[in-house]
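K.L.:
As a plain string of letters, each chain reads:
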Amino acid sequence: MTTTTRAESAHQDDPALDASVIAAVGGAGRPRHAGPVSASLTYGWRALLKIKHVPEQLFDVTMFPIMFTLMFTYVFGGAMAGSPGEYLQYALPGILTQTVVFITMYTAMTINTDIEKGVFDRFRSLPVWRPALLVGALLGDALRYVIASTVVLTVGVAIGYRAPGGLLGVVAAVALLVLFCVSLTWLWLIVGLKVRTPNAVMGISMMVLFPLTFVSSVFAPPETMPGWLQAFVDVNPVTLLVEAARGLMDDAADGGDISLVVLLSVVITAVFAPIALRLYNRKT
Amino acid sequence: MTRMTPDLAIETHGLVKTFGETRAVDGVDLAVPAGGVYGVLGPNGAGKTTTIRMLATLLPPDGGTAYVLGHDVAHEAAEVRSRVALTGQFASLDEDLSGSENLVLIARLQGYSRAAAKERAAELLEAFGLTAAARKQVKAYSGGMRRRLDIAGSIVVRPDLMFLDEPTTGLDPRSRNQVWEIVRALVRAGTTVLLTTQYLEEADQLADRIAVIDHGRVIAEGTSGELKASVGSGAVKVRVADPADRPALAAMLAEALDAEAVLDSDPASLSFRVADATRVAGALHRAGEHGLRVSEYSLGQPSLDEVFLALTGRPADDGTTREPTAEEVPA
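The listed protein sequences correspond, in order, to chains A and B.
So the first sequence is numbered by the working numbering: it starts at 1 and just counts up by one.
So the second sequence is numbered by the working numbering: it starts at 285 and just counts up by one.
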C-alpha cells in the first residue's frame, strides 16, 4: 500500500509545489508598465545593489586614486616642483581628473559582462523603455565618480592639500568632472556593445586612456614638453577638463574653459548617445 | 499583410536567419495553437534558440513572417514584448544579486510599486521553494534553483506566451520534474508554452504537439503519438542469463517480433527495434518455455536519435551545423 502511494506521488511529482505555483501564477496582476524614469531609477538601484554585494568592484575606484595621489606626490613632487607639498597643490586637481576619467571605462566592462551573462536578454525582452538600462548604468557610474572624487580629495587633504577655491570650488570642479565623464560614458557604452569580451574591453580602454590622461596637463605643465607633444596636449580634451577643474579649485575659474567643457559634454552626448542607443536596440 | 489565423499563438511562414554563411534558420513554418505546450525538438545547432530569439523580438528575422499573439514581431515588437516572456538556455539572472532582489528588480520594471514588488517576489520565492535562499546571491544557487528562479522571473507578470529554451538541460532528475510541474501549472493558468528540447522524453511528457527541426527546417510535425508511429515503439533490450543462449534467443525473438536482432558487443545482450510493443511480453514468455533464460529486459521509448534516424536517415548528433553563440554573431 505504502509503496503504491509513494510511487503515485512520485509520478505526480510534488502536488504541494503544483498548488502553490498555480496560486502564485494566478495571483499575478498586470500593473501598468514602469515609465522611463522609474525604469531608469530601478536599473540605477541595481547598480547600487551590485556595489553592496561586490564591494571589491570599488577597489579600483578607491585604491588607485590613493596610490596615484601618494606616489605622484612623494616620488615626483620634489623633483618637479621643489617639494612634494607644492607639487600636490598643482597635481591634485589633475589626479582627480585622471582618476575619474579612468574609471569611465567600467561602464563598458559592466555592459559587456551583462551581455555575456544572458541577463541582457531578460532585460531586453521586458516591456520597458529600452534605453532605461543604459541610463540606469549612467546613474550608477555617476555615483562611482563621486565616490572616487571623495577618496582622492580626502587623501589629498590628509597629506596637506588645501583648495584656494574652497569647498564651493571643489564641489563645482567635481560636478564638472562628473558631467564630462557621464558624456564620455556613452562612448564606452559603444565599446562595450561592440567588443566581444570584457578582456578586450580592458585592453582597448588602456590603450586609449593612458595616452589621453598622461599626455595632458594632468601631471606636468605642457610648457616643459617638446613642441610636437604640446600640440597634442593642446587639443587633448582631458587638458581642457583639467584646466577647467584646476581653475575652479584654485579660485581662478576660467569661464571660457568651463563653458567649453560643458559644450563638449553636450556635443559628445548628442553625437554618441544616439549611436549607443541604436547599437543597443539592434544588438543580437 | 494578412492577419494570422485566429487561435494560433504563433504563426510563422518561411522564417529565415543567417549568420554569415550559415543559414541557422532556413525557412521555418510553425503554427502553434493557443493553450497547451508546443515542443520544438532538435539537436544542438538545429536552429531552435535562434528561432525562439526571433519570436521573442531579440533578433530581427532576415526573411519570412512571424506573428506572435497576433502581432508581427518585426513591426510590433513592443506589443509582443508586453505579452511574452523568455527563459533562456542560460539563466538570465543577475548573479551578483540575491534571488529576492532579482525578482524585485523585474517586478519594479514591470510597474509594481516597491511594496507590491517585494510582496510578489516573496510569493514567487515561496511557491518555487526558494524562500530559504531568498537572500543568497544567485551565484551560490544550484542549477535547479537558478532555473526555477529564472522561470519565476518570467512569470512575475504571467505572460500569455512563454518561451522556454531547453529548460531542463543539465538538471538532475528531481529538478527536472519540478520544472515540468511548473510548466504544467503555467499551462493550467492559461499560458501557452513553447519549449525547445533535445530530449524526446521531455517533449513526450509535456508537449501537446511537437515540431522536429534540423538544419534550420521543420522536418516533422505532429503529436508525440504521430511522431512515434513513424519510428516504431522503440527498442527492446534483452539480457540472457547464459551468453551461449543468445543465438537461439535472437533467432526466436526475431521471428516472433518480426524485427531484426541487433547483437551488441556485450555477449549476453541483444536488442530489437519493434513497431508493436504488445507482442514483446508473449514472445519472452515463450522463450522461457523453451528454456532460454532471460535475466532482464527493458522496453525503451525511441530516442531522439531513433526519431532522427527514421526521419532523416542519419543520427541527430552528426554535428555538421553549429549554432553561433551570441558573441560570435556579428553585431
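Read the hints as simulated data drawn from the structure, not as lab findings.
Among the hints, a few may not be true.
[Said to hold, decoys possible] Below, computed lysine-lysine pairings styled on BS3-like, alpha-carbon distance capped at 30 Å:
#1 B/K512 x A/K52
#2 A/K52 x B/K402
#3 A/K50 x A/K117
#4 A/K194 x A/K117
#5 B/K521 x A/K50
#6 B/K521 x A/K117
#7 B/K402 x A/K50
#8 B/K521 x A/K52
#9 B/K512 x A/K50
#10 A/K117 x B/K512
#11 A/K194 x A/K50
#12 B/K402 x B/K423
[Said to hold, decoys possible] If you want the footprint, here are the derived chain B segments under chain A, 3+ residues with CB under 8 Å:
#13 338 to 352
#14 545 to 557
Values in this document were obtained by computation on a predicted structure and should not be read as measured data.
Yeah, the Cβ is synthetic: ideal placement off N, Cα and C, and Gly gets one too.
K.L.:
So if I understand the rule, the pair passes when the alpha-carbon distance is 30 Å or less; does A/K52 with B/K402 pass?
P.N.:
Holds, at roughly 18 Å.
K.L.:
CA of B/K521 to CA of A/K50, is that 30 Å or under?
P.N.:
Cα-Cα ~54 Å, so violated.
K.L.:
Given the hinted pair A/K117 and B/K512, is their alpha-carbon gap at most 30 Å?
P.N.:
Outside the cut-off at roughly 37 Å; violated.
K.L.:
With the threshold set at 30 Å, check whether the alpha-carbon distance from B/K521 to A/K117 stays at or below it.
P.N.:
Status violated; Cα separation ~43 Å.
K.L.:
Is the hinted pair A/K194 and A/K50 satisfied, with a Cα-Cα distance of at most 30 Å?
P.N.:
23 Å, holds
K.L.:
Would you mind confirming whether the straight-line C-alpha gap from A/K194 to A/K117 stays at or under 30 Å?
P.N.:
Status holds; Cα separation ~16 Å.
K.L.:
CA of B/K402 to CA of A/K50, is that 30 Å or under?
P.N.:
The hint holds at about 18 Å.
K.L.:
With a cut-off of 8 Å between beta carbons, are at least three residues of the region 545 to 557 of chain B near chain A?
P.N.:
violated (count 0)
K.L.:
Assess, step by step, whether the Cα of B/K402 is no farther than 30 Å from the Cα of B/K423, and give holds or violated.
P.N.:
Since the Cα atoms of B/K402 and B/K423 sit roughly 21 Å apart, the hinted pair holds (cutoff 30 Å).
K.L.:
Is A/K50 within 30 Å of A/K117, Cα to Cα?
P.N.:
15 Å, holds
K.L.:
Take the C-alpha atoms of B/K521 and A/K52, compute the straight-line distance between them, and say whether it is at most 30 Å.
P.N.:
57 Å, violated
K.L.:
Given the hinted pair B/K512 and A/K50, is their Cα-Cα distance within 30 Å?
P.N.:
49 Å, violated
Checked against the numbered hints given earlier, this structure breaks hints 1, 5, 6, 8, 9, 10 and 14; the rest are met.
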